Each structure stands twice: as C-alpha cells, then as structure tokens.
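Colleague: Here is what each chain is made of, one letter per residue.
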Amino acid sequence: MTATHAAAAESDAEARSILERAAAASFPPLHAVHHLLSVGVCVRCIFRMFGAFSHACSCASLTVPFFHSFLEEHDDSAKGGSCSCLSTDGACCSICFGILLPTCHQDEGVVPFDDISRIDIITSMVSQAIQREGYQIDGFSLEISLPAVVAANERAIRLYMKEKYGSENWFKDEIFSQQTMSVKEGLRLLIVPSLEKQLGVKHGNNSFRIRLTYTHDDASLKLKRLLPNDSNRKRKAESREGNDTRRNSTYDDKQTLSETDSFIHKSLEGIQDQEFCSLFKLPPEKVSKPCHLVISFLRPAIYIGGRYLKLSRNVSQSCWIIDDERMGEASVEEIIKESVCAISRGDGYKFHAAGREDIDVRMLGSGRPFLIEVLNVRSIPSAIEIQQISDKINSSEKKHVRIRNLKLVDNEIWAMMREGEAEKQKQYAALIWTSSPLTDDDLQKISVIKDMEIVQNTPVRVLHRRSPLERKRIIHWMEIEKVEGSSNYYLLHLCTQAGTYIKEFVHGDLGRTNPSIGSMLRCRAEILQLDVTDVKMDLLQ
Amino acid sequence: MAGEDAAACAPQVGGHAPRDAASFDEETRALIAPDAGSLPATPPSAVEANFARYFAADYLNPGHDQYVYRHPNGLCVVGLAPAHVALKEEGGITAIDFNVGKTDRSEIKVTGKRKRNAQHLQENSALCKVCTKDKTFVVRCCVKGQLLEINDRLMKQPDLLNTSADREGYIAIFMQKPADWLKVKDKFLSFEEYKNLRGIC
Numbered sequence: 001m002t003a004t005h006a007a008a009a010e011s012d013a014e015a016r017s018i019l020e021r022a023a024a025a026s027f028p029p030l031h032a033v034h035h036l037l038s039v040g041v042c043v044r045c046i047f048r049m050f051g052a053f054s055h056a057c058s059c060a061s062l063t064v065p066f067f068h069s070f071l072e073e074h075d076d077s078a079k080g081g082s083c084s085c086l087s088t089d090g091a092c093c094s095i096c097f098g099i100l101l102p103t104c105h106q107d108e109g110v111v112p113f114d115d116i117s118r119i120d121i122i123t124s125m126v127s128q129a130i131q132r133e134g135y136q137i138d139g140f141s142l143e144i145s146l147p148a149v150v151a152a153n154e155r156a157i158r159l160y161m162k163e164k165y166g167s168e169n170w171f172k173d174e175i176f177s178q179q180t181m182s183v184k185e186g187l188r189l190l191i192v193p194s195l196e197k198q199l200g201v202k203h204g205n206n207s208f209r210i211r212l213t214y215t216h217d218d219a220s221l222k223l224k225r226l227l228p229n230d231s232n233r234k235r236k237a238e239s240r241e242g243n244d245t246r247r248n249s250t251y252d253d254k255q256t257l258s259e260t261d262s263f264i265h266k267s268l269e270g271i272q273d274q275e276f277c278s279l280f281k282l283p284p285e286k287v288s289k290p291c292h293l294v295i296s297f298l299r300p301a302i303y304i305g306g307r308y309l310k311l312s313r314n315v316s317q318s319c320w321i322i323d324d325e326r327m328g329e330a331s332v333e334e335i336i337k338e339s340v341c342a343i344s345r346g347d348g349y350k351f352h353a354a355g356r357e358d359i360d361v362r363m364l365g366s367g368r369p370f371l372i373e374v375l376n377v378r379s380i381p382s383a384i385e386i387q388q389i390s391d392k393i394n395s396s397e398k399k400h401v402r403i404r405n406l407k408l409v410d411n412e413i414w415a416m417m418r419e420g421e422a423e424k425q426k427q428y429a430a431l432i433w434t435s436s437p438l439t440d441d442d443l444q445k446i447s448v449i450k451d452m453e454i455v456q457n458t459p460v461r462v463l464h465r466r467s468p469l470e471r472k473r474i475i476h477w478m479e480i481e482k483v484e485g486s487s488n489y490y491l492l493h494l495c496t497q498a499g500t501y502i503k504e505f506v507h508g509d510l511g512r513t514n515p516s517i518g519s520m521l522r523c524r525a526e527i528l529q530l531d532v533t534d535v536k537m538d539l540l541q
Numbered sequence: 001m002a003g004e005d006a007a008a009c010a011p012q013v014g015g016h017a018p019r020d021a022a023s024f025d026e027e028t029r030a031l032i033a034p035d036a037g038s039l040p041a042t043p044p045s046a047v048e049a050n051f052a053r054y055f056a057a058d059y060l061n062p063g064h065d066q067y068v069y070r071h072p073n074g075l076c077v078v079g080l081a082p083a084h085v086a087l088k089e090e091g092g093i094t095a096i097d098f099n100v101g102k103t104d105r106s107e108i109k110v111t112g113k114r115k116r117n118a119q120h121l122q123e124n125s126a127l128c129k130v131c132t133k134d135k136t137f138v139v140r141c142c143v144k145g146q147l148l149e150i151n152d153r154l155m156k157q158p159d160l161l162n163t164s165a166d167r168e169g170y171i172a173i174f175m176q177k178p179a180d181w182l183k184v185k186d187k188f189l190s191f192e193e194y195k196n197l198r199g200i201c
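Sequence order for the protein chains is A and B. Sequential numbering from 1 applies to the first sequence in the UniProt record's numbering. Sequential numbering from 1 applies to the second sequence in the UniProt record's numbering.
Because the hints were derived from the structure by calculation, they are not lab data. None of the values given here were measured: they were computed from a predicted structure. Check the hints yourself; a few may be wrong.
Just some of the chain A residues that point at chain B, by a computed CB distance under 7 Å [unchecked claim]:
1) F297
2) L364
3) S467
4) S486
5) Y489
6) H507
7) L528
A virtual CB, placed ideally from N, CA and C, is assigned to each residue, including glycine.
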C-alpha cells in the first residue's frame, strides 16, 4: 500500500511539474484553457493544441480532475464546486474521441484504467495480437489511420475558440494559429516508446508494419449528412453504377464508409471557414462512444525459389479441375504449396513457374524454375526451414515431384523469370514411331539441321482458347537415337525455342505444323511420350 | 556398336559437333530410356488418340460420305470419308472451290481468342465444292457452329483429298456449342459402324 501511495505521490508531483511548465511556457490565459476542458477537449489534446505535447503527457496523474484543481488554484474563473468539466458522464474527447486518452476497450466493454498509462492498453493489445498471430519480428513500422471526423472536430474547436477569443490579444499571437502537432503525431509519440518497450524491438523503416485503424461510423455518417452536395453527388454516382452495389449490403456499408472518409476529407478542404461555422454546431457535441480500433499487421510477400522435377505423367503443373472433375491425381503447385505451408506460415501462397508442361509430359534433368510467393509471412524462414521444405517434398512417398536449389530469393528474381521465359531454349526427349524404318541417311539428315524455322498454326488441341495464328518457331538442333529391339521406334532429342509445340512438330497436326518430323522424313510420325530434359535458364541453376 | 548407347555415341557416329543429348546424367538417361518390349507394333495415330471419330453416310445425297472428328475441347474437324463418291471418280478430285453462293469461305479471316468474323453455319450449309474431271459435289458442314478455318493447302494441293483425306486432306475446323453437339451426335455412325456399312478395312 505504501509503495502504491508513494508512486501515486510521485506521479502527482510529476503531473504538477508538467502543468506548471506548460502553463508558463505555452498556455494562453488559463480561463481559455479551462473553457476548452469544459467543452470536452481532453487534457492531451489541450497540451497538443498549445504546442506543449510531449511523451511526458502520458503521465497517469494528468487527469481532468487533477488539471481542474490545478486551474482552480491558478485561475479564479475555475473556482466553484460544480464545474461542467468535472461531470463524469464518460464522454470522449470532443476532438480525438479518446484516441489519445483511451477510456475503454472497444471489444470488451468499458474498462476503466486509472492506474496505468492508458496508451499501454493499446500496446498490450498489439503485443497480444502479434503473439496470437505468431509473428516473429526484428523491428516494426507504424501506420495510423484516423477517421476524417477527428480533423473536422479539431477545426471546429479552433473556429470556436477564434469566435470566442478572437478579439483578445493572446489569441492574436501565433499561439493558436500555428500548426501544432496532429492527433496522429501525438498518438505516435505516445505509443512508439511504449511499443518498443513491450515488443523489445526498435521502431523504424521496417518491413513489418503495424497498422492501427480507428473508425467512428456514427460520427462519420453524421458528418457526411451535414456536408453540402454530398447526398446529391453520391446518389448520382450510385444510380450510374446500377443496383449492383446495393445488393451486397455488408460490402456496400464498408465501401460507403471508406468512401465517406475520403469524401469528407475532400469536402472539408474545399469549405471556407465561414461555411464550416454555419454547418457545424460549435463547439462539437460531446460523444460518448469512442473510436473503434482495428489492429492489423502486414509484411511484404517473400519469395522462395527453386527448380522442380515432375516425374509423373499423371500430375499437372497447377490444380486442374473441369466440371468438378479433377484431372490428374495431384499437381506440382499443390504438392509444393502444401510443404511450404506446413513450415512457413502466411496468409496465402502463390505459385509461379517459368513456363509449363502438359500433364502427360515429365520435367526431368535440370528442372524448371519456380517461385512460391508467401503473403504476409509470420516469420522469415531460416536456411534450415527452407531445407526442411525441400526435404519434405523430396522424401514424400509418391515421388511425383522433386525440388532442387530451394532458397529464399528477393523479388528481383521475379522480373528475371519473366524476362527469360520468352527467349529461353528448352530441350526435350520424345519417344516417336515412324510408319517406315529410318535409314542412317535419315538420321544424318536430321542431325545436321541447325536453327531451322518452322511455322505452327495454332494446334487444334488449343485452338478453342487461343487465337488462330501462324507462329514461327526455331528448332535449334535434333538428334535421333534408335530404340534397341524395335525397328520403328526412336528417341528424338531436340532443342527448341520456348513456345514450340513439340507434339505437333512430330505428328504435324493435320499438316498445320510445317515442316514436321513426318513431313521431313516423308512418312507418318507419331509421338508416344515426351519429357522436358532441360530448361536453359541461368536462373536458380 | 549398335548395342551401345546411341545418343552418347552419336557425335562420333555422325561425325558432327557434339550435342547436349550426350550430356545426360545417369538418372535422367535411365528415366528417358524406353522399354522396347512394352511398345505396341503400331501405336494409335494422333487422330485416333486425340479425336472421337464420327461418320455421316449419304449426307443429304447418296454417296456423300463425310467424317466429323471431335476433339474433347469441342472443336470438330470435317472432311471426306473414305467411301465418298467423288473419291471414286476417275482421276479423283482435281480441285476444291470454297466459293459457295454468296460467300467465299476461304476469304474470311477469323481472328483473336473470341474468333471474330467466324461464320455461324448450319449442319446442311454448303461448306465447299469438290470437282472431279467432269462433276462437282457439294460438301456440307455436318455440324452447326462457327467455321474457324478451312484447309487452304487444299487449293494448291487438291490431291491431298485423294491421298490423305483423313489427315492433311481435312477440309475445315468448326467450333460448336456442347449443347448443339449433343443434339446431332446420335445421328452419326462410329468408325466401326461406318467400316461395316461400306465394307472397308
């Protein structure tokens, strides 16, 4: 008990010294200060408006009653037992709606916290949310979003003060007209040291962002209705958009609110002080409901890249579903995502690859470069964790997919992958059949070909979704290898420009690819199996 | 020599520059090596493997046999069936004419994914005419839908109709709505049925 008393006494002393310093240095005549207090402006906003705000303002003893008694001592006008500023109706600050001096926790009802610095409540909510979400952080940056009403309130109070004290000498000094610290800056000043202490990491230009979004729907909507032209313009815009926006009411509400905020901001800028005074009640009405606070976190996407091998002819690259029916037993995308997901937690996972192969084509040899984009990742995966992801895929029972060179990469690789995609060369091994056996001359004829141009009409197989075009492609080289023990089967090795349709190049696609293996060898050629044996890119090699 | 790895030896055998084909690691080499024992003597052709083959015998006129090869993606390749009467004429087909009445089908250029300019035709619409030494036969669309392309190689090489009407000698490609296909599907014969009807093997 004594310790508490001692602490309280110390705090009181501190509050007193803060007040005395502020009164001496920057406060206007105290009756004006007292008047602000009585129209519901919080202690912290008063300090802020008079340029006396500092981190010290979070002092727990700096309460309205304390402030009032201080004013009583120094200013005659504040004397008297019952003063409107002392009423305990629980109203929020008429400027900041309790953002700088939180009075209650929005989700769990009203909680009075007189004993601790109230900002710390927000801090511990942030800290708990970080723990709940499992974020691991080495620093943070802070984003604060306030409702437009706060700015309107501040302007209203300023204009009210001007109206009331504009003729007094002290008002004509720059004291009140100068730009003072905004509510947002004030909150930042109070909460950053508190967050740093609680989270144990420094605030700065960190990629991990803490976002505090304050909203006040009632006040925002009320303000919106006051603004001129608003309803007209809104309604016109809505009727132009049709009924679509109205059908989904929750979406509509949210949309309207965020639009409202930017609209209010814009409208307020365009309104002259005089018009402002005629529209608003000065001073602003007291509001008992504080702002609603939503705490969210954001980390930019990270990329994990590597090369994959696809060893199955019944696994597609991406999940492929036609009319609710799954094509193939699995997909490279899902297999990789699943393992990344198991080890690195994020809000979403996106798979990107440098090109793709058909479901019945295997991807062997060097493998194909790919990236996994992890959105809002909870912790940056360590080298060991990356290895675990790789091991998990490579040791899976079914062995459909294998991973090589998996590593954390930066987002520049993204552009490199897209760049290389168009010009890269790809090497294939195709099992082909010819209607007549090939002679050594035939094999020789094929193997001396270098950088041959072919013309492919869009294959019938994809003509339903692609544009009908003549596509020119280069076959860089070919090599035909006999298959032992059969006279009509061969292994065709070839290296081509990206985008060449290999199956069509072998069988000719009803003469729509020309020349084709069949047309060059003057026989019918069929393709039975195809494997990609190399994707020639420097990337993730 | 013949028993050895042909690809690895290819550079030496052919006497030309070494190729990347020789540079596979053992594992890749093993994966791509085919098992000769499991290969069929004659594999299914690309047409057999990729299309469902349907036939219309005596379409609108006796002896006017046509085929419709339907790809799972909904596209239909249309051409002359083996027993088409024009193929039996002396000298076979000598010319093809895509100019039927008001429009020349070979002059319409379909463009883009959405297939702009594609003509919507009915099953019994005339697609083209094939000419023999002294006769002309009208070929029908057989399917209702958009005409995506005609085989313009036939204008320079009409002989493709005589030599490989079932492949390079196809006449046109259509895209039709799945619902329209279901309506006409049952009117066609399967390859087996057609074979039995015409006594060909």
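Colleague: If a hint holds in the structure, say so; if it doesn't, say that too.
Modeller: To see whether the hints hold, each was checked on the structure:
no. : hint : verdict
1   : F297 : violated, 41 Å
2   : L364 : holds, 5 Å
3   : S467 : holds, 5 Å
4   : S486 : holds, 5 Å
5   : Y489 : holds, 6 Å
6   : H507 : holds, 4 Å
7   : L528 : holds, 6 Å
Violated hint: 1 only; the structure is consistent with all others.
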